[in-house]
Amino acid sequence: MSAVLEVTGLRKAYAGVHALDGVSFAVEAGSITGLIGPNGSGKSTAIDCISGFQRLDSGKVVLAGADITGRVAHHIARAGLMRTFQTVRVYERLSLSDNLAIAHQQFDAATWVDEFLRTRRYRKAVEASEARARRLVELIGLQRYYEAEVGILSYGQKKLVALAAALMPHPKVVVLDEPVAGVNPSRIREIEEALRQLNQAGETFLIVEHNVEFITNLCHQVVVLDQGLKLAEGTAAEIHSDSRVLEAYLGTTPEIAEAEMRTSA
Amino acid sequence: MTDLALELVSVTAGYGDNPIVREFSARLYAGTITTLIGGNGAGKSTLLRAIFGTNRHFSGQIVFKGETIEQLPPWERLKRGVGFVPQGRCNFPAMTVEENMKMGCYTLPAGRHVAAIERVANSFPMLRTKWRTDAGNLSGGEQQILEMAMVLLVEPTLLLLDEPSLGLSPKMQGDVFVTVQQVARTGVTVLVVEQNVRGALLISDRALVMEQGRLFMEGPAAEVRTDPRIRQAYLGGNIKQTAA
Amino acid sequence: MTVDAVYLLQLTLNGITLGLLYALIAVGLSLIFGVMEIINFAHGELLMLGAFAMAFALPVMGLLYWPAMAVAILATMLAGLAIYEVLLAPLKPDEFERSILITLGLSIIIIHAMQYIFTATPRLVDTQYGFEGIEIGSIRITWTRVIGAGAALVAFGGLYAVLRYTQFGRAMRAIAQNREAALMVGIRPRVVARNAVVLAAGLCGLAGAAISPIQLVTPYMGQFLIFKAFALVIIGGLGNIPGAIVAAVALGLVENWIGGFFEIVWQEAAVFVIMIAVVFLRPDGLFKRGGMRVG
Amino acid sequence: MKLAAALVAALLFAALPLLTTSNYIMGVGVSALIFTVAAAALNLIYGYTGLLSFAQLGFWGIGGYATALTVVTFGGTFWWGLVWAALINAAVALVVGYPTLRTNRHAFVIVTLTFALLATLIARDWVDLTRGALGIPNLPPPVAFGYEFGTTGRFYWIAWGFSVAMLTFLYALCTSRIGRTLVAIKQNEPLVRAQGISPMPYKLASFALSAAITGAAGGVYSFHLGIIDPLFLDFYYMQTFLIIVIIGGAGSFWGVVVSGIALSALPEVLRFSADFRMIIYGLILVVAMFVMPSGVAGWLRERRLARLRKTLR
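For the protein sequence lines, the chains are A, B, C and D, in the order given.
Here the working numbering is used: the first residue of the first sequence is 20, the next is one more, and so on.
Here the working numbering is used: the first residue of the second sequence is 1220, the next is one more, and so on.
Here the working numbering is used: the first residue of the third sequence is 116, the next is one more, and so on.
Here the working numbering is used: the first residue of the fourth sequence is 4, the next is one more, and so on.
Honestly, the hints are just simulated from the structure, not real lab data.
Careful, some of the hints might be misleading.
What the hints assert, rightly or not - Pairs of lysine-lysine residues, derived as DSSO-like cross-links and limited to a Cα-Cα distance of at most 30 Å, are as follows:
hint, chain 1, residue 1, chain 2, residue 2
1, B, K1390, B, K1349
2, D, K313, D, K5
3, B, K1298, C, K207
4, A, K177, D, K313
5, B, K1298, B, K1284
6, A, K143, A, K177
7, A, K191, A, K79
8, D, K313, A, K143
9, B, K1298, B, K1349
10, C, K207, A, K177
11, A, K191, A, K143
Required output: the full structure, derived from the provided sequences and hints.
This is the structure:
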């Protein structure tokens, strides 16, 4: 296996506070990699920097051999990195089929001239997009909503739509930002199963998630962040038995006695 | 620990059409510190906002000092003694510490401003050293303490704290926890949501554990601290399934 | 072209007085944007109402300047209160486009109702000072201009004091800086928004009253001033009060200098060119923005 | 269905000069057709792309003057005048749009508003070019292949052909992938960027196209009036376009077309004094923003969705 996404020495500070203080990790092609850590550990900042939604201060991001460091979001997407968002983002007032088609259109060869002339190239592109959309909709089990406006779906269903949209153009890596946060427990299993199937079909995922059980069940490789630093890295089993990880989640016992002395002094 | 400070009766609250906290019932006792814990998205912040009144209330009752307050706007609840320090930076960054403190007195009659500021500034000596500094130029920990001070000016009897130690160094976290303890010693009831669960439980009397918007477990802080299910609340997905 | 120093000085003084009156309008817009994140399109019509109120109050008051001005300010404040309670109070902070369209409708109604009732004939407003003025050498400025500029300066001083030293004004800055924190300390957003609109209306009424003896009073006078005020709000930085004042005075100067030497069309175009240049070079406005700073 | 209805409506409109000899009715017809095109162009930038542009008034005026000046001052034909009107406006839209769209949508609204009022002032004050307040009277009727469109009845055909062509073009655009992308940008710009699409070219293109079409519409309308003066930039026109879009339903192609035809005819039927008519327009705008902010089309759509929700749940 080779790394499809390599992140080296990622740094980002807001007003002097380090959100990321030199984080490096790699995502192997064909793997599911988890990125976990407690609140404020820098996970979201990391994927925002990788996907071009925030400027990084320093570091290097390489996607399938191409340096994409500091490029704008739509360039990075076109280079083959698709992402979802923590608070679900879909086009509420467009149909499910349109939601998926838009995610694909930047990746086919048809131009607007082709479209106006309805050339063969345009028709083939639409066919390919449609076939892919049908397949993905079947996978997420929303066939009966194919022509319905996405706005009428539930929160969990919208998360599935966002996932399907990210997969539309056969990206090299799909970055999922909290795919199961706020989703019904019964549905979490469905999402887990869908991701596993997609992975077996060759898709590569980088998943940021709070739900450690979900990550443990699914991921081949897990990276743990804490306070902007990489705390641990390894297989799910290794991470689960690493005491430092639990420490990070539950917090270290602060030196309260010491602090008391400081404040009374 | 018998005096009731706040009673939540089957509270359902959230945003828009989306209830996040569902039928949540709990009691807080006067002068105690209670920690509210639970995984991300469990509805902790939503519950605090519901008690202060800055989100949508669907059903249930919030009883404070023998009065139901769930229909009151936030400023009325503040006048009755419910103080809330939201998550993240919640001060006026382009105003000095002094001006921020004066804003904290907003609901007090003008005659009491000077005495209130004097009283609170005495318990937070750090503030005096930065009196003319813009709040936006303070460190994260200093801003957190300023925010708590701003709410304490009106002498609330119930203080709701949302992630007071988030983004602070361990040393500053310690200072914030000690401050919370000091506040509780003056008789204020505290309900705190904390990412540093261990630190929070160390200073707390009781703990409420939330899962999927509902109350999952409650008990004395010391017991909850050693309960193995807490580990699962953070590292596992669905407590009910794994616990069964 | 040789530049006559006296002529230049005259233009400069005229520019400053004009700029201060622009500033009164722009500051009001900035104040409302800071507190409510909306734009009041009908702000120019408040100015026009102020000018009309002055025009009607002066004869009744025996041409006495100050009482008539007080009447004009009071009248626009009442109009501002009515506008807030009926139209603006239901708006949420993110409804920027809706606020513009609603107040645009209001502006149409006010202009045409005034025109219907009072006709479009321009009115000349006379005061106790008539056309007397001060003369320094060959420079001449009418008292009405001097007093108008002076009243504007006093108003800015008063506004600064209110925003800086009173809970009433601090609450406006507080909401502009952090809405959630404002709720935390018990501020009632609607009350503060209403105060801001009434205060801004009062400033506009002052501007209208001060401008009425200088310019002809017509139902359309607000529209041509307001568009400059909009540009000034952009140049100064949305919601930035000192920025709007500095930009307004600078614009008054630039316009008068250009108008003194070039064709009038360049004078009108200047504000737009400056605005586009500012937007191009400094997308966030010329001055630092961020939560209605004063001083 | 809709297309068939549109075809029938277009043919009915084409038949108007055969049904009536009244210059007045045909004049109302010309206004209705031209205003509908201008409103549809505003719908492209506001309803689809989500950018509230007041600059349409400026484009309308520049288009009118550009066409008139091409014919009167520069000795070109009416048809070349329309081409210039479109090209100049597209260029102006790019110059104004590029810096402004980099900031935020608040700035866009205010800058376009300022632009519209500036255009009014220039029409009045740039006397060397526009002849100031007097305007340019007696615009000659357009001529094609020796046929002079000298009467209202004949000019009507130009207005009809122009609006059918423009509306067809806009319909094709709005229902294409480009139109769909504009809606996507309006709804969720970060998501659009995450899907590899750069929003800026789309926004600029829709602003420039909207400007070009509005400009050409202004050109046609100025020759319908036969005179152009600063009143051609009266805010009345902007208000009319806005009300058509808002009542019809921003973002709905057919909603705006239907309301364009209906609302341009309505004030003519009601025949109030100019001031009174404007007061009613203002009231309509205010009331619509409170009662029906998404227009008739939006209201119908909400009802349909509510039904759909019921059957799906």
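Hints and how they fare:
no. : hint              : verdict
1   : B:K1390 - B:K1349 : holds (20 Å)
2   : D:K313 - D:K5     : holds (26 Å)
3   : B:K1298 - C:K207  : holds (25 Å)
4   : A:K177 - D:K313   : holds (18 Å)
5   : B:K1298 - B:K1284 : holds (12 Å)
6   : A:K143 - A:K177   : holds (28 Å)
7   : A:K191 - A:K79    : holds (18 Å)
8   : D:K313 - A:K143   : violated (37 Å)
9   : B:K1298 - B:K1349 : holds (28 Å)
10  : C:K207 - A:K177   : holds (26 Å)
11  : A:K191 - A:K143   : holds (22 Å)
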